[in-house]
Amino acid sequence: MTNRMSAIYNILEWITKFAYVNLLWVVFTLAGGVILGFYPSTTSMFAMVRDWLRGKSDLPVLKTFWYYYKRDFLKSNLLGLFLNVLFLLVAIDIYYIQSNINEQLTWTYIPLFAFMLIFILFLFYIFPSFTHYDLRTIPLIKNAFLIMIISPLYSFLMVLCFVSLFFIMRAIPALFFIFGGTTYAFITSWLCLHAFKNIERKQHSS
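First residue of the sequence shown? That's 564 in my numbering, and the numbers climb one at a time after it.
Any given hint could be a false lead.
What the hints assert, rightly or not - As a list, the in silico DSBU-like pairs of lysine-lysine whose alpha-carbon atoms are at most 30 Å apart:
#, residue 1, residue 2
1, Lys633, Lys765
2, Lys760, Lys626
3, Lys705, Lys760
4, Lys705, Lys633
5, Lys760, Lys638
6, Lys626, Lys580
7, Lys580, Lys619
8, Lys765, Lys705
9, Lys619, Lys633
10, Lys638, Lys705
11, Lys638, Lys626
12, Lys638, Lys580
13, Lys633, Lys580
14, Lys626, Lys765
15, Lys619, Lys638
16, Lys619, Lys705
17, Lys619, Lys760
18, Lys580, Lys760
Just so you know, the hints here were simulated from the structure itself, not pulled from any lab data. From a predicted model like this one, the values you see are computed outputs, not experimental measurements.
Just need the whole structure built from these sequences, with the hints factored in.
Given below as structure tokens:
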């Protein structure tokens, strides 16, 4: 009975942590006026999740989140400038496809869809790479892209997880608002840490 109560307590504790960090992500995004707050808040959330996955689950949540937010405010917004340009290009691609939706598909659609797919996969790796590697913005982007290229299995697992998660949160929309951000951060960080370790093992063995 004691073990069962302990397990229930641990589950409730982690549910609370996920919801709390997700709330902090939203609050600190708004505190930065959204434009300047989104990326520092997102990298702080990923840094918190990375700490949990590395066994540092007892760190004070608010204090630790605020520390990462301040520390990486400029660096994360520099990364955000680059990502915003890519988001703009994706938006242009989507607009182009929708404006020609009634026309027959042509070969020009292939690079557009390929670019959007690569961008989505790249997003899976960029924030875990940001929190794991101490690199400047340009080397960080190159590193995350290369890891994405050589880790197709982990990319496939991420897609599989998020497709399953989509149907779950579609059935229960409240889960998205309470746990959406931290769940995304947890899944990508967990799989990316395995990808990073796999690459490090290959580097040491070569």
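Discussion item. Would the hint linking Lys638 and Lys580 be met if the CA-CA limit is 30 Å?
Written reply: holds, 26 Å
Worksheet item: Given the hinted pair Lys705 and Lys760, is their alpha-carbon gap at most 30 Å?
Response: Cα-Cα ~18 Å, so holds.
Practice prompt. Please work out if Lys760 and Lys638 have their alpha carbons no farther apart than 30 Å.
Written response: Distance ~24 Å between Lys760 and Lys638 Cα, so the pair holds.
Discussion item. For Lys638 and Lys626, compute the direct alpha-carbon distance and say whether it is at most 30 Å.
Written reply: Holds, at about 20 Å.
Discussion item. For a C-alpha distance cap of 30 Å, please report whether Lys619 and Lys705 respect it.
Written reply: Since the Cα atoms of Lys619 and Lys705 sit roughly 28 Å apart, the hinted pair holds (cutoff 30 Å).
Practice prompt. For the pair supplied as a hint, Lys633 and Lys765, confirm whether the alpha-carbon distance does not exceed 30 Å.
Written response: violated, 35 Å
Worksheet item: Taken at face value, is the distance from the CA of Lys580 to the CA of Lys626 at most 30 Å?
Response: Satisfied, since the Cα-Cα distance of roughly 13 Å is no more than 30 Å.
Discussion item. Would the hint linking Lys619 and Lys760 be met if the CA-CA limit is 30 Å?
Written reply: holds, 18 Å
Worksheet item: Given the proposed pairing of Lys580 with Lys619, does the C-alpha separation stay at or below 30 Å?
Response: Since the Cα atoms of Lys580 and Lys619 sit roughly 13 Å apart, the hinted pair holds (cutoff 30 Å).
Discussion item. Hint check: Lys633 vs Lys580, CA-CA at most 30 Å. Holds or violated?
Written reply: With Cα atoms ~21 Å apart, Lys633 and Lys580 stay inside 30 Å; holds.
Discussion item. Need the status of pair Lys580, Lys760: alpha-carbon distance at most 30 Å?
Written reply: Roughly 26 Å separates the two Cα atoms, so the pair holds.
Worksheet item: Does the alpha-carbon distance linking Lys765 and Lys705 stay inside the 30 Å limit?
Response: holds, 19 Å
Checked against the numbered hints above, the structure breaks hints 1, 14 and satisfies the rest.
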